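Enquirer: Both chains come to you apart, so use the hints to assemble them.
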Amino acid sequence: MSTVAPTKTVEFEYSGGERLTMNMGPQHPSAHGVFRAILTLEGEDVVGVDAVIGYLHRCHEKLSETLTYAQYPSIASKTDYVAAMTSEFAYVLAAEKIAKIEVPKRAQYLRVICAELQRVASHLLWLGTWCLDMGGALGGGATIFLYCIRERELVLDLFESLVGARLLYGFYQVGGTRYDIPPGWAETCRETVDLIDRRIDEYERMLEENPFFLARAKGVGLISRELAEDVGISGPLLRGSGVACDLRRAEPYSSYEDFDFRVPVETAGDCFARYRVRMVEFRESLKIVRQALDRLPEGPISSRPGLKSVAQVRVPKGEYYARVEGARGEVGCYLIADGSAKPYRMKWRGASFSNLAVLPHIIPGHKVADVVAIMGSVDPVFGEVDR
Amino acid sequence: MTRDQAATLIGERFGIAQVEGDSATIVVTVPVEQWTPFALFAKDTLGCRFFNFSTAVDWKEQGLEVVVRVDNVDARFGLLMKTRLGPGVSACPSLVPVYRGANWMERECYDMFGIRFEGHPDLRRILLGDDWEGHPLLKSYAVDTPHPPYR
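Protein sequences appear in the order of chains A and B.
Position 112, counted from 1, in the first sequence is what my numbering calls 112; the numbers after and before it change by one each time, with no gaps.
Position 32, counted from 1, in the second sequence is what my numbering calls 32; the numbers after and before it change by one each time, with no gaps.
This is chain B alone, in the form it adopts within the complex (with noise of 0.2 Å):
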């Protein structure tokens, strides 16, 4: 399996055109009913089974959108899916059932960003306290937003 072939594969499988990237990576857009079964997809078929990262961006009135960046480490290409939650949407489902690795980063993900991965087995905060008020990566959280003093 080399890049170019996962490519194509992922446009003949999922019908998603827009395969952009480098010599090395792809690139894709997922809608958010197919995160599951295009993330299985890349585990199972692509041998995408390193886990890299999980994050998400705001992008404002635009809504959150998830990118999760996996690995296939033997033929030496990653991939990046991105999925759209649409505005006002902070639900995703789960990538954990897929990739364990996955369950600490969806933490960080929640804990930043407020997303809510459903099927997720252990949904808390990882990094701020389990007090915190807010999501701080969210565009609408100020940098100086004040917070009452650790005790």
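Excised from the complex, chain A in its bound form (with noise of 0.2 Å):
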């Protein structure tokens, strides 16, 4: 029988270098997921973060191993749930390559189009949830956060008429696509992405208008530069430290070479930097999407035959790194193939990940309700941390 230890009576006399350690998660509002924050504080500021992560763990890369290259990609979708279509993209990209398989010129504007009209889903998700994270410096806080999730449906929709689901897509196949697009598609996609356009500028002004807004994005949460790359920060996140490091534009792969974008790049690095070069991805995005729709080249959509068929994936030995930009950065696949049916190691590089390792860097100094200001800018998918 185990004894219950007496109750001690600890005496506070708070004098200014009192610590209190504080957990923040792993259920809180602004980790998006399951994250867990353990903050030392001296009063307000908190002076020390441990980041503990691996709530959502489900060993991809092990399971990887178990699974043919024609079935992992749907897999991979789940890696990062947010943005499912550049999770796929990265994989097929690298057992394309180790197997030296074309992609049909079709097939390579549909990845595109997909891709950056995830990027566009992604960005909205991010900008509804880091302006309710702000809370109530805007005005009641859901007032975006709603906004931003009414087109998101949209595009939503648009990925359930093409493939049928909402969140995880499996569109990606090695080789290509899985599926063409629908008649009629093309026409709502470009009235889609008019709207979207139409509506970013009314958010920015929202937004950029509110002085609350400014004072807590503006110099708060900064990131150098040589921290940026120390710690192997990407997408939004280094280019909002002065880094014009874009892997569409830096290894152009299926035909972003054909495309006219811009690539916005901040040199302040803090909250509102990494939210203006977000901002301007949207718009290049669309206009990436509007591009590929009026030159879409007629074809096949696969050079392998359909899903449904025996014919397997034949991937040769070989080892190839993959990576290509996602909502939130750099995502990497990394595939040793030894021959036969299933990869024989994977090593998935998740931009979260990387980016989420900046915040026991950036945090210290800061007041708590910085915390989640900086937390919301980094935009982490826990799914693609713990993958």
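Derived from the structure by calculation, the hints contain no laboratory data.
Please note that a few of the clues may not be correct.
[Claimed, not checked] Using 25 Å as the maximum straight-line C-alpha spacing, the simulated DSS-like pairs for lysine-lysine come out as follows: (1) A/K62 x A/K97; (2) A/K62 x B/K139; (3) A/K78 x A/K97; (4) A/K287 x A/K105; (5) B/K139 x A/K317; (6) A/K342 x A/K317; (7) A/K78 x A/K62; (8) A/K100 x A/K317; (9) A/K78 x B/K60; (10) B/K60 x A/K342; (11) B/K82 x A/K100; (12) A/K317 x A/K62; (13) A/K218 x B/K139; (14) B/K82 x B/K60; (15) A/K317 x B/K60; (16) B/K82 x A/K342; (17) A/K62 x B/K82; (18) A/K367 x A/K218; (19) A/K97 x B/K82.
Quick caveat: nothing in here was measured; it's all calculated off a predicted structure.
Expert: Below you can see the structure in the form of structure tokens.
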């Protein structure tokens, strides 16, 4: 029988130097998933942080060793479930590169259209939830969130009529795409793109004319260029810190060299800079979708027989690191094939994992309320962090 | 510094002949004793300041291999550096003193492969719970390995 320890009374006499340990998470509304930050506080100031992740771990890398090259792309979408299209993209690119499989031009364009629509949907969710985190400063908070979710629904509707699913798609297959666009889809897509373009202007005015929003975002959570590269953060965070690195431009894949778009770069490195980069990316993505729809070539959508065919994907011995510019940054797949039907080893480089690793370097020195703003500006998706 | 200049420099300084890869990537295998000096050289001389990822591969009886990718984002080339630890060896020098991004990545490697990174400031499990037994990405760890239920 265990004995209960007697209650101890601790008397606090606050003199400014006391430290308090506070748990933020794992169930915290600003965590956008399950993330626990153990903060050490001195009054309102954060002096130390320990980030605890892994609550959503499913060991995708082990799982991929048990699934064939045709089976895994549908599972890959479950790493980053907010931008499922780009996760599938990285995996099929790696397999295609090792197996030297050509992808028809039409499939490449369809892949670009979906990847860019996905970026828009993902950024919409980020904008909505981040502004929700910033809460009271935005007149109740939920306004922008509900607006953004409304627009995201339109993109999800497009995906639904294309794939049949709204969140996890399995649209990308080794050799091409699984479906072609149905009749009338292109017109609906154009209307949606125009609508979202107009609405983004509206949000921008709502936010950037709001002094509370500016006060909470400007000068908060500074990431220097040196720190950004050293930790390996990517995507809007890296570009918000003054590094003009966008894989669609630096290492064009899937015909990205055919499209005209701008890579936004901000040098301030704060939450506001990251916000600005994403706001410009919205427009650039919409621009790419329009161009791809205009020039969509005719032809087959896959260089391989359909998914239900018994023909296996033959991937010879070899290794390749394929990467795509996802909504949150560099989504990479380091694939080692041994010539069998399944990969020997697959390493998933989740953009959110590296991006989140910067938090312990930037949070100390801020107030507790800023932690929420910084975490939201990093835009982590925990399915991708924990894989 | 271009990709080809970097490849030549690696050959001159470290005498590593097998510089493979494609037009934008250099793939090198470095002896484990030179792991940290090579990383320092990559960062300072080759300008590969962007820490992309670090991982490991279990080559069964041939032992473990640690793989690190760093990038030079200005000159647009990547360096994939590998080192073989040898059969039965699970110790490797840590790259955290060179790249801060190696911190979480090496913790993940320790978690999944049991590689002890010497000089790592905070080597503990990251994705799995502290009481987890075994290292799941080792080939000797079966997918259906039973483990006690969570409480």
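Enquirer: The structure should be examined with respect to each hint, and the outcome stated for every one.
Expert: Hints versus structure:
1. A/K62 x A/K97: Distance of about 21 Å is within 25 Å: holds.
2. A/K62 x B/K139: At roughly 9 Å apart (the allowed maximum being 25 Å), B/K139 and A/K62 satisfy the hint.
3. A/K78 x A/K97: holds, 22 Å
4. A/K287 x A/K105: Between A/K287 and A/K105 the Cα gap is close to 19 Å, so the pair holds against 25 Å.
5. B/K139 x A/K317: holds, 18 Å
6. A/K342 x A/K317: holds, 11 Å
7. A/K78 x A/K62: holds, 14 Å
8. A/K100 x A/K317: The hint holds at about 11 Å.
9. A/K78 x B/K60: violated, 29 Å
10. B/K60 x A/K342: holds, 17 Å
11. B/K82 x A/K100: OK: B/K82 and A/K100 at ~24 Å, within 25 Å.
12. A/K317 x A/K62: Answer holds: A/K317 to A/K62 is near 19 Å, not above 25 Å.
13. A/K218 x B/K139: Roughly 48 Å between the alpha carbons, so the hint for A/K218 and B/K139 is violated.
14. B/K82 x B/K60: Judged against 25 Å, a Cα distance of about 16 Å means the pair holds.
15. A/K317 x B/K60: holds, 17 Å
16. B/K82 x A/K342: Within the cut-off at roughly 23 Å; holds.
17. A/K62 x B/K82: Status holds; Cα separation ~21 Å.
18. A/K367 x A/K218: Roughly 14 Å separates the two Cα atoms, so the pair holds.
19. A/K97 x B/K82: Status holds; Cα separation ~21 Å.
The structure fails to meet hints 9, 13 from the earlier list, while all remaining hints are met.
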